[in-house]
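Student: One line per chain: the protein sequences are A and B, in this order. To convert, take the position in the first sequence, counting from 1, and add 73; that gives my numbering. To convert, take the position in the second sequence, counting from 1, and add 21; that gives my numbering.
Read the hints as simulated data drawn from the structure, not as lab findings. Just so you know, these numbers come straight off a predicted model, no measurement behind them. We treat Cβ as the ideally placed atom computed from N, Cα and C, and that holds for glycine. There's no promise every hint is true.
Some chain B residues near chain A, calculated using beta-carbon distances under 10 Å [what the hints assert, rightly or not]:
#1 Met64
#2 Glu135
#3 Trp139
#4 Asp223
#5 Thr224
#6 Gln228
#7 Leu232
#8 Leu235
#9 Glu238
#10 Cys274
#11 Glu313
#12 Ser388
#13 Gln395
No more than 20 Å apart at the CA atoms, straight line, and that leaves these computed lysine to aspartate or glutamate pairs for EDC-like [unchecked claim]:
#14 Lys372/B x Asp276/B
#15 Lys369/B x Glu294/B
#16 Lys95/A x Glu362/B
#17 Lys89/A x Glu182/A
#18 Lys250/A x Asp367/B
#19 Lys177/A x Glu362/B
#20 Lys177/A x Glu291/A
#21 Lys250/A x Asp232/A
#22 Lys289/A x Asp267/A
#23 Lys177/A x Asp267/B
#24 Lys177/A x Glu238/B
#25 Lys89/A x Glu362/B
#26 Lys177/A x Glu193/A
#27 Lys95/A x Glu111/A
#28 Lys177/A x Glu83/A
#29 Lys301/A x Glu291/A
#30 Lys333/B x Glu305/B
#31 Lys372/B x Glu362/B
#32 Lys369/B x Glu307/B
#33 Lys250/A x Glu255/B
#34 Lys250/A x Glu220/B
#35 Lys318/A x Glu291/A
#36 Lys286/A x Glu304/A
#37 Lys303/B x Asp276/B
#38 Lys250/A x Glu227/B
#39 Lys89/A x Glu313/B
#40 Lys89/A x Asp218/B
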Amino acid sequence: MIRAVLADDEVLARQKLRQLLKDIDDVEIVGECSTAAETIELVRLTDPQLLFLDIRMTDMNGFDVLERLSTDAGRPLPHVIFVTANDRYAVRAFEIHAIDYLLKPFTPERLQSAVQRVREQLSASDPSDGGSPKKHEDERYTTRMVFKSRGRILFLSVDDIRWIEAQENYVRICTGKDSHLLRETIGSLENRLDPNSFLRVHRSAIVNLHHVKEVKNEADGDATVVLKSGEQVAMSRSYRSKIQKLLKLQ
Amino acid sequence: MRTSKENTPLFMNPAIFIASSVLVGILFAFQEWISLRHMGYHMAAPIFFESWGFQFLVWGAMCWLLWRFLGERIQRATVVTILTLFLPLSIVASLAQQMIFVFIFHNLPLNHAEMTYWQRLSMYVYAELLDNVLIFWCAFFLFRGIGYYQQYREQEKAKAGLEIQLANAQLAALRMQLNPHFLFNTMNSISSLMRSDVEAADTMLEQLSCLLRLSLERGESQLVSLREELDFIELYLGMQGQRYADRVTQTVCCDPELYDMLVPSMLLQPIVENAYIHGISKTEAEGILSIEAGRNGDRLRISISNSGIGLKPRPNGRRGVGIRNIESRLKLHYGEFATFEMVEFDQKTVKVTIVLPLQHSTVEEMSLTRFGTQ
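Take the sequences, apply the hints, and build the full model.
Tutor: So this is what it looks like as structure tokens:
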């Protein structure tokens, strides 16, 4: 069970969260509050694992609340999902390692995916679990990113990226059902990503090895990478031996 | 250069101009009279004031005529015109002025009654020709300066006019952004979905918020990158697609090298909205809407085609306000360098083609993208 506190100064906003969370079985609401002061008190009292936090509240803002809470010795901060109508604070939220940033109004699916990320975080840090094999040890590589796509703020875990396609000065990041254009070169992105998971298979494509199903040889000597989702990514000859070696290792 | 009358300074009124010229002459006379008194000469004042005043009266009149008939040529004069026309003219004008002066004041110089007209004239020419030529050139540069001033005022005025036009276009764009028709129809759809399909209502509300957020974010920028425009239109298409269930096939196809090219913001939405209202929604058949952006030499070509019922001529023969708005904005931004075309083919399909000059976005997009580790 994930114990959660809802902090928002609007009753209807809390009601919406409460109703949507009712459908998520493993989240239990241990308290609700409408001011920053109440939130600090309630978090100290109930020690939740998850805090849904509005940024603009009457007395202080959400960041101030977290700053106060972080001075409490010996108590880990709860995981934070910001719930706000304002996209201005997304980078700040990302930098203080918030789990997600929900822009009001949000859909149930968006909430689901945020809670899923909390689950992953909790199981990764759970010592009884023996440590998740997916945990990235290497601090040099990007594991998560924030960007804006079609009016939405996305806190994306790189594990969710299936493949990346270069499009001139942009890259198209393909996740499950969506794809997002970022103004970034594929080369700089390749350098940021862990080479144990992400492999350049073409001048203009990177695939996430965790999502690769097989490599299919074509008649003319080229190859195609087939993802678990069925998507096919063309592969240059020069990269073929590299991917086959890596796939055997896994 | 056509100088407009209202930009002419007040002092170029002939009465004021000549009167000020005479005033300058009187001041010179006063100065000379005082300085001679200091040196111990005592002379009758009237002759000073008369001669100086008259000299500057003639100069004032001549300069005003110069302004009246040659003003524009002075302002446009090149070095060659100055050397071949105005330099000789300055000498001729000075001589003429002195000839008149000597003719009128036959008792000058004082106490030289025995001198003939030509002797007196040559004496004055020796003594004062250079001063007189200098007066001519002072007037010449004054008129040239007035030309620059008028030009400056006119440019300011043109600039202000353009700003007003831009502001109007901005307003029009804003009206399109918050197109009430679209907004209220969407709200109505949400309201209806609330009773039948809460999830779909939720999704639509979220999409509407994204759309509004994006359009508010753009604020006052008239031009946005094609990618931003397509981002917006994809969101809009997503909503329309939901409204028309799965009856419509939408495709957006853009050459990636064009993502950074500038286009007027909200260029596509009114066209796509039109395509739905006047085309796709009018038939029961499967609908097709496709947007393509490609390069055509040094031009950017965007075409939007939709299935439906072809082009129906409007009762008043004019195009709808949305389309006219786009045409006027294109004209405002690009003049004759942009084209807008709406044609029908095979009775059913309508294709809008917009061709713009390629213009690369120079302002680095405010990016929110950050990378981090857990």
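Student: Hints first: check each against the structure and report whether it holds.
Tutor: The hints, checked one at a time:
1. Hint on Met64/B is violated. Least Cβ distance to chain A is approximately 84 Å, over the 10 Å limit.
2. Contact between Glu135/B and chain A, as hinted, is not supported at the beta carbon level, the nearest pair being about 94 Å apart and thus beyond 10 Å.
3. The criterion of a C-beta within 10 Å of any C-beta in chain A is not met by Trp139/B, whose closest approach is roughly 84 Å, and the hint is violated.
4. Checking Asp223/B against chain A: minimum C-beta separation of about 5 Å stays under 10 Å; hint holds.
5. For Thr224/B, the shortest C-beta to C-beta distance to chain A is roughly 5 Å, which falls under 10 Å, so the interface hint holds.
6. A hinted interface residue such as Gln228/B counts as satisfied when its beta carbon comes closer than 10 Å to some beta carbon of chain A; here the least separation is about 8 Å, so the hint holds.
7. Here the hint on Leu232/B is kept, as its CB sits about 7 Å from the closest CB of chain A, short of 10 Å.
8. Annotation: interface hint on Leu235/B holds; nearest CB of chain A at approximately 4 Å, less than 10 Å.
9. At its closest, the beta carbon of Glu238/B sits 8 Å from a beta carbon of chain A; the interface hint therefore holds under the 10 Å criterion.
10. The criterion of a C-beta within 10 Å of any C-beta in chain A is not met by Cys274/B, whose closest approach is roughly 12 Å, and the hint is violated.
11. Taking 10 Å as the C-beta cut-off, the interface hint given for Glu313/B is violated, the closest approach to chain A being about 16 Å.
12. This hint holds: Ser388/B has a C-beta 6 Å from the nearest C-beta of chain A, less than the 10 Å allowed.
13. Satisfaction of the interface hint for Gln395/B is found here, the shortest Cβ-Cβ separation to chain A being roughly 5 Å, below the 10 Å cut-off.
14. For the hint linking Lys372/B to Asp276/B, the alpha-carbon distance of about 19 Å falls within 20 Å, and the restraint holds.
15. As the CA atoms of Lys369/B and Glu294/B are separated by approximately 17 Å, the hinted pair is consistent with the 20 Å bound.
16. With a C-alpha separation of about 54 Å, the suggested pair Lys95/A and Glu362/B falls outside the 20 Å cut-off, and the hint is violated.
17. Of the supplied pair hints, the one linking Lys89/A and Glu182/A holds, its CA atoms being roughly 14 Å apart against a limit of 20 Å.
18. For the proposed pair Lys250/A and Asp367/B, the alpha carbon gap of about 36 Å is over 20 Å, so the pair is violated.
19. Straight-line distance between C-alpha atoms of Lys177/A and Glu362/B comes to about 40 Å, which puts the hinted pair past the 20 Å bound.
20. The hinted pair formed by Lys177/A and Glu291/A fails the criterion: a straight-line CA distance of about 48 Å is larger than 20 Å.
21. Distance hint between Lys250/A and Asp232/A is fulfilled; the C-alpha atoms sit about 14 Å from each other, no more than 20 Å.
22. With a C-alpha separation of about 24 Å, the suggested pairing of Lys289/A with Asp267/A is violated against the 20 Å cut-off.
23. A C-alpha spacing of about 27 Å is found between Lys177/A and Asp267/B, which places the hinted pair above 20 Å, so the restraint is violated.
24. For the hint linking Lys177/A to Glu238/B, the alpha-carbon distance of about 16 Å falls within 20 Å, and the restraint holds.
25. Among the hinted pairs, Lys89/A with Glu362/B is inconsistent with the structure: their alpha-carbon atoms are about 48 Å apart, more than 20 Å.
26. Restraint check for Lys177/A and Glu193/A: the C-alpha separation of about 24 Å exceeds 20 Å, so the hint is violated.
27. For the proposed pair Lys95/A and Glu111/A, the alpha carbon gap of about 23 Å is over 20 Å, so the pair is violated.
28. Restraint check for Lys177/A and Glu83/A: satisfied, since their Cα atoms lie roughly 12 Å apart, inside the 20 Å limit.
29. Between Lys301/A and Glu291/A the alpha-carbon distance is near 18 Å, which keeps this suggested pair within the 20 Å criterion.
30. A C-alpha spacing of about 17 Å is found between Lys333/B and Glu305/B, which places the hinted pair at or below 20 Å, so the restraint holds.
31. Pair hint Lys372/B plus Glu362/B holds up; C-alpha atoms about 8 Å apart against a cutoff of 20 Å.
32. At most 20 Å may separate the alpha-carbon atoms for a hinted pair to count; Lys369/B and Glu307/B meet this at roughly 12 Å.
33. At roughly 15 Å between alpha-carbon atoms, Lys250/A and Glu255/B fall within 20 Å of each other, so this suggested pair holds.
34. Simply put, Lys250/A and Glu220/B have alpha-carbon atoms about 18 Å apart, close enough for the 20 Å limit, and the pair holds.
35. Simply put, Lys318/A and Glu291/A have alpha-carbon atoms about 18 Å apart, close enough for the 20 Å limit, and the pair holds.
36. Pair hint Lys286/A plus Glu304/A holds up; C-alpha atoms about 10 Å apart against a cutoff of 20 Å.
37. Using a Cα cut-off of 20 Å, the hinted pair Lys303/B and Asp276/B is violated, with the two alpha carbons roughly 31 Å apart.
38. With a C-alpha separation of about 17 Å, the suggested pair Lys250/A and Glu227/B falls inside the 20 Å cut-off, and the hint holds.
39. Distance hint between Lys89/A and Glu313/B is unfulfilled; the C-alpha atoms sit about 40 Å from each other, more than 20 Å.
40. A hinted pair counts as satisfied when its Cα atoms are at most 20 Å apart, and Lys89/A with Asp218/B qualifies at roughly 16 Å.
Of the hints listed earlier, those the structure fails to meet are numbers 1, 2, 3, 10, 11, 16, 18, 19, 20, 22, 23, 25, 26, 27, 37, 39, in rising order.
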